[in-house]
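**Student:** Heads up: the sequence lines are chains A and B, in that order. Residue numbering for the first sequence is 1 to 324, as defined by our numbering. Residue numbering for the second sequence is 1 to 324, as defined by our numbering.
None of these hints come from the bench; they were simulated from the model. Hints are not guaranteed to be accurate.
Any copy, or any two copies together, can satisfy a pair, since identical chains are not distinguished.
Pairs of lysine-lysine residues, derived as DSSO-like cross-links and limited to a Cα-Cα distance of at most 27 Å, are as follows [what the hints assert, rightly or not]:
#1 K225 <-> K15
#2 K161 <-> K2
#3 K15 <-> K180
#4 K183 <-> K161
#5 K161 <-> K225
#6 K161 <-> K15
#7 K279 <-> K161
Everything numeric in this text was worked out from a predicted model, so none of it was measured.
2 protein chains.
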Amino acid sequence: MKIAITGGAGFIGRKLARALLDDNAMGVEHISLVDMVDPPADLLDDARIDAITGDVTDEDLLAQAIRPDTDAVFHLAAVVSAGAEADFDLGMAVNLDATRTILDIARRHGTTPKIVFASSCAAYGGDLPEVVTDNQQLTPQNSYGIQKAIGELLINDYSRKGFIDGRALRYPTVVVRPGKPNKAASTFASSIIREPLQGQGAVCPVTPETAMWLASPRTIVANTKRAHDLPAEAWGPWRAVALPGFTITVGEMVAALEAIAGPEVAARVRWERDPAIEKIVYGWPSRFETTHADAMGFARDAGMEPVIRAFIEDELGGVIPGAA
Amino acid sequence: MKIAITGGAGFIGRKLARALLDDNAMGVEHISLVDMVDPPADLLDDARIDAITGDVTDEDLLAQAIRPDTDAVFHLAAVVSAGAEADFDLGMAVNLDATRTILDIARRHGTTPKIVFASSCAAYGGDLPEVVTDNQQLTPQNSYGIQKAIGELLINDYSRKGFIDGRALRYPTVVVRPGKPNKAASTFASSIIREPLQGQGAVCPVTPETAMWLASPRTIVANTKRAHDLPAEAWGPWRAVALPGFTITVGEMVAALEAIAGPEVAARVRWERDPAIEKIVYGWPSRFETTHADAMGFARDAGMEPVIRAFIEDELGGVIPGAA
Chain A
1 MKIAITGGAG
11 FIGRKLARAL
21 LDDNAMGVEH
31 ISLVDMVDPP
41 ADLLDDARID
51 AITGDVTDED
61 LLAQAIRPDT
71 DAVFHLAAVV
81 SAGAEADFDL
91 GMAVNLDATR
101 TILDIARRHG
111 TTPKIVFASS
121 CAAYGGDLPE
131 VVTDNQQLTP
141 QNSYGIQKAI
151 GELLINDYSR
161 KGFIDGRALR
171 YPTVVVRPGK
181 PNKAASTFAS
191 SIIREPLQGQ
201 GAVCPVTPET
211 AMWLASPRTI
221 VANTKRAHDL
231 PAEAWGPWRA
241 VALPGFTITV
251 GEMVAALEAI
261 AGPEVAARVR
271 WERDPAIEKI
281 VYGWPSRFET
291 THADAMGFAR
301 DAGMEPVIRA
311 FIEDELGGVI
321 PGAA
Chain B
1 MKIAITGGAG
11 FIGRKLARAL
21 LDDNAMGVEH
31 ISLVDMVDPP
41 ADLLDDARID
51 AITGDVTDED
61 LLAQAIRPDT
71 DAVFHLAAVV
81 SAGAEADFDL
91 GMAVNLDATR
101 TILDIARRHG
111 TTPKIVFASS
121 CAAYGGDLPE
131 VVTDNQQLTP
141 QNSYGIQKAI
151 GELLINDYSR
161 KGFIDGRALR
171 YPTVVVRPGK
181 PNKAASTFAS
191 SIIREPLQGQ
201 GAVCPVTPET
211 AMWLASPRTI
221 VANTKRAHDL
231 PAEAWGPWRA
241 VALPGFTITV
251 GEMVAALEAI
261 AGPEVAARVR
271 WERDPAIEKI
281 VYGWPSRFET
291 THADAMGFAR
301 DAGMEPVIRA
311 FIEDELGGVI
321 PGAA
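Given the sequences, and given the hints that come with them, work out the whole structure.
**Tutor:** Encoded structure:
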């Protein structure tokens, strides 16, 4: 089986690549990782990995990765929320136009490859009920969410027409992300856990009462793989679903950090409100009923403490370098 | 005030143009009518009308119509449902790309013109409740509906960013359309009234029990104009709304025809199911609660008989040429 992953050097892309390579039953022969940068050495050194480095808005580059014999494409590359808000044209080019280019390349091949598209709960916004259900209209209040909602519509129509076999997943906010902060408005949700664990301070730009809808990298990778593995019939008439997550306030996140790493570590979080970030984050819903996704067997994290422990295991070698 | 109407020679476009020209309070100085064909003589002869004939996918043509001093654009041009289903690329080019081109031309001018976008209830589909409400997710099961749903998202984001002052309206099926059948899957809904009234037979490709959600040309034109006239604040956080309509079965439509024109006229309807049309039409919802639109003062027809009488008045000079 041959696979392409856009955003393949990103933190979800690389974990997904490893999970796919490790699945012997799947029998992965080849994965093209498309990204602006090279993937980590362990992936580069794997003979089955082909690193295709460049801009996802470059059609030729995408055509190198998505070939007539490509069985599946995981389209994760995106300009994230605050980034797409700051540079509208870049957001449209990457989040909308490149998505359409990928769909059109796949369509030209005439091989109906599976395409798993990373959408986002940023596609929700505006007047929302207390608890968001599966039939909620998408009325995003940020360009990133608009572009993701459009991607979902395209994935659906290309699937209905038989051009591709598409599946779109609305990711909750993913915590704890490894690495450095990015341009997502939600990036603080990882920073306030990740940085204190490593002895550094982190700024929280929203109030402790702010509720969020979260999922861990482990669960996101498992669910993204599951979206691929499910038969087409499991999707019914709509190829997009809000993934399970869990609801927690930012204050409770820091309390979980304290429970695991102690008060000195938790005290490294500084509370400093940023109206630009608040405006985006407060527009995102934090409570969902994910009836469809639950019925389809998608996984859900058991809460914040296991998520932090998994981060320490996966990214910090099982120790807390910043512990007092 | 200066206006552009795409699809301006179409039956809604020309009625809208006349309504705008007749509104003295509005003080219309100029209307560019963009269409593949020239508008009717009464409009061509009006010194305030500028007929711009050509393809709406031609950016230069659109730029002729949408100028730095254009106050409002009514974007009605579209490849309709069965047409967009038969020619996917044409649907994408006209319904998606041309819409985006219009938004980008307006954005470049930096003048935040009003843009009223004709969306459609074909944007609904899939698993729907018995009665569709304002917060229903759009999961269209046809390419036309997908492209209209994308247009709504773009109208919203360009408005939120301050590039335009957009308003999108989900039209019910419009009956009774004058003229000839078109490529809309719903075209029969006008044919079964229009042709018998003029002494001709008409084929109904769906069962008499098929319920539809309808609005008359008069009401559509009034509501489209109202969408322009309403202040931006009236729209709240989302610049798209399902317009009021009325629910009626196809059998009841023919019964209304019989009540007005007699049984011989009604007998000119032949019932001959067409699975391709049925597949599209049965996917459209027929019952709505249009709470937002009602609160915004959009109008609703009083039922089928007044709609037929208005057609006879407006299009047949007040007489039934096909009466026995």
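**Student:** A separate judgement is required for each hint: does it hold in the structure or not?
**Tutor:** Hints and how they fare:
For a Cα distance limit of 27 Å, the shortest separation of K225 from K15 inside one copy, 11 Å, qualifies, whereas the shortest one across copies, 53 Å, does not. Taking identical chains as interchangeable, the C-alpha atoms of K161 and K2 lie at most 27 Å apart only when both belong to the same chain, with a minimum of 23 Å there against 41 Å between chains. When the C-alpha separation of K15 and K180 is checked against a cutoff of 27 Å, the pair qualifies only within one copy, where the shortest distance is 16 Å, while the shortest distance between copies is 58 Å. With identical chains, the CA atoms of K183 and K161 are at most 27 Å apart between copies only, with a shortest distance of 19 Å across copies and 35 Å within one.
For a Cα distance limit of 27 Å, the shortest separation of K161 from K225 inside one copy, 24 Å, qualifies, whereas the shortest one across copies, 35 Å, does not. Taking the shortest Cα distances, K161 and K15 never come within 27 Å of each other, neither inside one copy (32 Å) nor across copies (35 Å). Taking CA atoms no more than 27 Å apart as the test, K279 paired with K161 passes between copies only; the shortest distance there is 14 Å, against 38 Å inside one copy.
Checked against the numbered hints given earlier, this structure breaks only hint 6.
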